[in-house]
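**Q** This is what each chain is made of:
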Amino acid sequence: MRIAICIKPVPDLSTAYVSKSRVELVEQGKEVANPADENAVELALSLRQEGDELIAFTVGADTAADALRRALAMGVERAHLVDDPVAQGGDGLADANVLAAAIKHAGPFDLVVCGARSVVHDAGQVAGRLAEALGMAHATRVTSATVNGGKVTIERAGSLGAAELPLPAVLAVEPGCNTPRLPNAMAVMKAARKPLEHVTVSDLGLAAEEVGEAGAAVRLRLMQLPES
Amino acid sequence: MDFTFSEEHEMLRDMTRKFVENEIKPLARQIDEQEQIPPELMAKMREQGFFGIPFSEDYGGVGAGETGYCVVLEEMGRGSASVAVVLAAHTSIGCMAIYLDGTEEQKKKYLPALCSGEKIAAFALTEPGAGSDAAAISTSAVPDGDDYILNGSKIYITNGDIADVISVFAVTDKALGARGGVTAFIVESDMPGFSRGPKERKMGIRGSGTCELYFKDMRVPKENVIGKVGFGFVTAMKTLDVGRLSLGGACVGACKELIDLSIQHASQRVQFGEPIIRKQAIQWMLAEMAAETFAVESMVYRAAWMCDHGLKVSRESAIVKMYASEALDRVVDKAVQIHGGIGYMQDYPIEMFYRDARINRIFEGTNEVQRMVVASDLTRKGRY
Chain Y
1 MRIAICIKPV
11 PDLSTAYVSK
21 SRVELVEQGK
31 EVANPADENA
41 VELALSLRQE
51 GDELIAFTVG
61 ADTAADALRR
71 ALAMGVERAH
81 LVDDPVAQGG
91 DGLADANVLA
101 AAIKHAGPFD
111 LVVCGARSVV
121 HDAGQVAGRL
131 AEALGMAHAT
141 RVTSATVNGG
151 KVTIERAGSL
161 GAAELPLPAV
171 LAVEPGCNTP
181 RLPNAMAVMK
191 AARKPLEHVT
201 VSDLGLAAEE
211 VGEAGAAVRL
221 RLMQLPES
Chain V
1 MDFTFSEEHE
11 MLRDMTRKFV
21 ENEIKPLARQ
31 IDEQEQIPPE
41 LMAKMREQGF
51 FGIPFSEDYG
61 GVGAGETGYC
71 VVLEEMGRGS
81 ASVAVVLAAH
91 TSIGCMAIYL
101 DGTEEQKKKY
111 LPALCSGEKI
121 AAFALTEPGA
131 GSDAAAISTS
141 AVPDGDDYIL
151 NGSKIYITNG
161 DIADVISVFA
171 VTDKALGARG
181 GVTAFIVESD
191 MPGFSRGPKE
201 RKMGIRGSGT
211 CELYFKDMRV
221 PKENVIGKVG
231 FGFVTAMKTL
241 DVGRLSLGGA
251 CVGACKELID
261 LSIQHASQRV
271 QFGEPIIRKQ
281 AIQWMLAEMA
291 AETFAVESMV
301 YRAAWMCDHG
311 LKVSRESAIV
321 KMYASEALDR
331 VVDKAVQIHG
341 GIGYMQDYPI
351 EMFYRDARIN
361 RIFEGTNEVQ
371 RMVVASDLTR
381 KGRY
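Going down the list, the sequences are from chains Y and V. Okay, so the first sequence: first residue is 1 according to my numbering, each after it adds one. Okay, so the second sequence: first residue is 1 according to my numbering, each after it adds one.
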């Protein structure tokens with residue numbers, strides 16, 4: 001099986017604090033993997049059989065490399081980083097365009113997994129858009145999965161219950177549904193040194209209007225906490 | 001100058017921090033009360049590769065160097081000084097003597113099992129009559145055919161209760177004393193004639209085992225000499241130079257944790273109508289704790305950088321050991337004061353940090369010995 005895992009780089013919120021109605025970050029410029037995406041990595045690793053290949057995909061600046069390396073340390077084989085400046089600043093639509101193109105470029109894949117929502121916008125757009133772009137079946141709020149023959153059987157959070165999808169499929173993984181494994185020191189060192197595959201927008205045959213800020217349907221103007 | 005940590009170091013730090021949060025902090029009090037690290041935790045630490053952090057991958061180590069090792073110890077120091085000390089005694093002095101001065105055969109024979117944590121190391125120099133005056137050791141090693149026969153005892157040996165591989169320093173020529181008369185040996189705990197005393201009951205770092213070791217007509221093969229016969233003291237000093245540095249790493253972690261706990265407490269504790277963190281007395285204590293911590297952190301990682309770049313660190317590591325241990329005592333004292341009564345109670349970790357901190361000024365060479373090392377270096381050079 002070939003499994004693609006999409007990882008969104010997000011600010012490290014573990015040390016964030018609130019000051020004057022704004023959320024401030026203790027460490028500027030440090031990006032980590034979106035927590036639900038780490039749950040997705042864990043789910044993919046739990047499905048892995050002998051001979052399977054797992055590849056992680058990220059759209060982001062070079063600080064996004066940190067987020068990708070965590071997936072490598074957990075056991076993902078390779079990581080593709082679209083760090084082309086043109087692709088930065090996109091929303092769920094633009095990012096899904098880029099990720100779908102990157103996945104097709106490295107394809108074909110039997111399964112695509114990603115977190116259902118990110119801690120930044122909580123919009124939950126990417127998985128569904130990826131499924132459309134890739135022509136795959138899609139399910140969301142997935143908490144666990146097993147693969148049998150050409151099908152994947154899933155459990156889902158809330159009242160959605162169990163379901164079965166044909167492969168290839170996109171699974172949007174529910175935040176917190178599993179405990180992402182902690183890599184050991186040897187895996188960490190290996191992942192830190194592993195070269196990433198850098199991909200540009202022209203490698204993917206995309207036009208500038210489809211990606212980054214230009215390709216976004218939603219522009220974030222302001223985000224703040226309510227006055228208390 | 002680049003003061004950033006590498007990707008490897010940042011990732012090691014993140015991983016260790018998560019491990020300490022999930023696996024060590026919840027057990028810290030139990031480790032102190034039961035005077036033992038649970039075997040299940042030791043097993044998890046082995047899986048995580050914590051026992052071979054600075055050593056080359058050629059010998060089964062993780063290859064993170066002295067800086068990576070200080071990063072790991074710093075994070076461990078946030079959770080449990082007992083665990084940090086067991087790891088440090090094993091790595092920075094137990095294994096280090098073999099790593100620095102062992103032959104290729106010795107390194108290939110002993111380091112892989114030590115790096116995986118399958119075997120634990122200890123460093124045995126101190127004797128009842130030879131603490132700071134390490135040159136006064138009297139454990140003897142007499143050549144006999146293909147072996148040496150060791151007789152004597154060592155005291156206050158960290159990991160003495162669990163070590164499988166011990167670097168032992170013995171006198172091979174009484175007349176020459178420290179200059180040419182001491183030899184370092186690799187001793188295995190299953191060698192006939194080896195035995196251990198009961199564990200000492202200590203003020204702090206109670207989860208780390210400290211005991212006497214006895215050698216009675218113990219045969220050690222000549223191939224187990226570390227470095228050259230008569231050069232044992234050089235090996236000991238070289239090893240301690242590196243070992244002292246990492247003690248600073250654990251002190252940094254403890255300082256940072258104490259500041260975080262103190263801020264949390266002072267932000268919640270309301271007296272005289274507001275959280276005490278608004279009171280200048282408390283604020284100044286926190287500011288002073290932060291200044292000490294920044295100083296110690298800076299000197300630890302600078303010295304670690306020097307070590308990783310092959311520069312001699314004898315004076316710097318003595319300064320780090322001396323300063324870090326004294327700074328930690330000042331920081332932990334303020335942390336107790338900020339916490340007030342609750343800082344004295346065993347319901348809360350502060351009192352454990354206080355008891356655990358005190359040993360840092362004594363072991364790995366007392367701070368008086370460190371001052372001797374620094375002063376001797378200064379007077380010899382005639383300048384800073």
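The reader is advised that the hints may include incorrect statements.
Pair by pair, the computed Cβ-Cβ distance ranges are [said to hold, decoys possible]:
#1 V:Asp260 - Y:Gly75: 29 to 35 Å
#2 V:Asp347 - Y:Ala133: 44 to 50 Å
#3 Y:Ser159 - V:Met203: 54 to 60 Å
Rather than coming from a laboratory, the hints here were simulated on the basis of the structure. Cβ coordinates follow ideal geometry from the N, Cα and C atoms, glycine included.
**Q** Should the hint that Ser159 (chain Y) and Met203 (chain V) are 54 to 60 Å apart at their CB atoms be regarded as holding?
**A** holds, 57 Å
**Q** Range first: 29 to 35 Å. Now tell me if the beta carbons of Asp260 (chain V) and Gly75 (chain Y) are that far apart.
**A** holds, 32 Å
**Q** At the C-beta level, are Asp347 (chain V) and Ala133 (chain Y) separated by a distance inside 44 to 50 Å?
**A** This hint is violated: roughly 56 Å between Cβ atoms.
When the structure is compared with the earlier hints, a violation turns up for hint 2 alone.
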